[in-house]
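**Student:** Read off the chains here:
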Amino acid sequence: MLDKVIFFFFAGVAILSAALVVTRRNVMHSAVFLITALLAVAGIFLQLRAEFIFIAQVILYVGGIMVLFIFVIMLVNLDVALHQVQFSRQKWVALLVGLVLAAEVGVMLWTSRGVPGQGFLLPNAVPGGQLKPNTEELAGRLFDAYLLPFEIASVLLLVAMVGAVVMAKKRT
Amino acid sequence: MNPALHDVLIFLRSWWVELVCGVVIVAVVPLAAGYLTLMERKLMADMQARLGPMRVGPHGLLQPIADAVKLLIKEDIIPDNADKMIFWLAPVTSMTAALTAMGGIAFGPAFLVARDLNVGLLFVVGVSSMGLIGIMLGGWASNSHYSIMGALRSTAQLVSYETAAGLALVSGLLMAGTLKIRAIVDMQSGDHVWFIFLAPVAFFIYLVASIAETNRAPFDLPEAESELVAGYMTEYSGFRWACYFLGEYSNMILVGAVATTLFLGGWLRPFSNVSWMNWLDAVPALFTAAVGVYCVYRAGKQPVRVQVWFMWAVALACFVVALPLGLPIVTALLKFKFLPPGLHGAYLFFMKISAHIVPGLLGGFWFLLKITAYIYLFMWVRFTLPRYRFDQLMHLGWYILIPLAIVNVLAVGVAMILKMEYGWNRWLAMILSTVVTLAAAFFLLRWNDKRAAAASSAAPPEQPSTEDSYAG
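Protein sequences appear in the order of chains A and B. Residue numbers in the first sequence follow my numbering, run continuously in steps of one, and reach 172 at the last position. Residue numbers in the second sequence follow my numbering, run continuously in steps of one, and reach 472 at the last position.
Quick caveat, the hints were computed from the structure, so don't treat them as lab data. Note that this is a predicted model, so its numbers are computed, not measured. Any given hint might turn out to be false.
Residues on chain A that point at chain B, a partial pick, calculated with CB under 7 Å [as the list claims (entries may be wrong)]:
(1) Ile55
(2) Val62
(3) Glu137
(4) Ala164
All C-beta atoms in this analysis are idealised placements derived from N, C-alpha and C, irrespective of residue type, glycine included.
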């Protein structure tokens, strides 16, 4: 019961603020609502007892990526940006993609409707004691079973970082 | 019964301790922050051979209350061109982040809020880093040059030093092997050593980085009053300003608590595993009682009647606190059979009660003492060192602290492997890792000096780089 209340609260906040992100004209307001949406998703992770994913969401998205977003927005002259046309004319493509996505989610929910704890009903969160410790489990998977993909992803990110530095550096 | 009500009752029954602890945090932390300012002003006065605030209450003991009242009734100004919503939101964000992160800290073994959260320490660090967003939003929404300058500086500084602080924490966590607050402290109790002695370099890096993270001198560039008026809070006044202030001082308590938990043994008393040092358990009670006696002694010398009463009240509070803290003395005395016959049942009951509450109380005392010592260090540094220039700050962060922290993580990791896989002595492995890190630091400094010397001899000496856009 309480789980459901918490879930619907966070889900509502997430959807509402996600809608506000795309409808606000002021970029800074959009950024603030994006932060709210990300935090609400983090709250849903916590409600599902995925503590590590929750804190990773907070640290990476809110504490890292959004800080950089706001940093960039602060350097932009918003008065000019406000008077420019901000919405591109890709309405129909967006509508199509949205419909496909909705259909996918619908099919997924419909096919899993008989499975207890899934489908249209909320997944029942597992009581805390029955889950293995989150952080240890994740670390075990990442550094054991999926070591190679993990390392490849790390190298890829490193390459991107070095590339950005090289491109930003002034040629003297 | 109504099922919803039933659920709420079950929730309350299983979580009431946590809820009470949370309310206590929200109620007490602002007060503690206020008294930290008094402590700071008194320390500053002491180091500059002055008296500090003396007028409000005896020795200025009521000054924080007066300040709070002043801030509450001060006129609240919102600049005309400010973005109203974000201007309103920013200080609240800063304060909320700091107070929420406080929930992840355990102020002693009996303090429950998020003691067994699986990501304990990460929760504290991650949530408190959200305060930065409040600073940025406030700087932007004020629509003032000083504010945005302060916000930009603050962002660059915090992003840089959070890396160093995080890597320093990793070195400590490698030894703890867990993120749970309680397990980290238990680990230090089981290892018979505080981690500061095994990884002094990591502690030092965390100390420097945490001073920078809380925007305090010598790293207080975001609010450097000689350059930026008050940085990101230039346009704020009254209670909104107080919110920022509260966030800043709560952050000080937070970094102190993190350092205490990970490096200074949390709520363990000094020599917690040495039985002949058990007399240290009497220290909290004696210390508090001594403060009370001193207050009584000073009460006679106050100039005004009200101040005398206040001094007596403080003394009384000290004695009341000393009573439960003194339980270990009583139990130790009772063990010597001073017991009249027939009171055995009462004796057992008393022992049971004190076994329940004494560890929590004493742990809380030691934990708060360690945090206070850490914050004292902050203030000492503040009144001693001059402020850095912005390029020096960035240089220190990126060229010295971060490489040093990376080397330290590697060295500590190797030492852990040597200890666990090859059965080396723990102290040998750790001293080796510290020596390696210090050698790396030495070479780093040499290399930096050489580079700087080469740069200054190659180019004619001119003003420090003009490309630095945040220098104000």
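**Student:** Each hint needs a verdict: does it hold in this structure or not?
**Tutor:** Structure-based check of all given hints:
| no. | hint | verdict |
| --- | --- | --- |
| 1 | Ile55 | holds (5 Å) |
| 2 | Val62 | holds (6 Å) |
| 3 | Glu137 | violated (10 Å) |
| 4 | Ala164 | violated (15 Å) |
Comparing the model with each numbered hint stated earlier shows that hints 3 and 4 do not hold.
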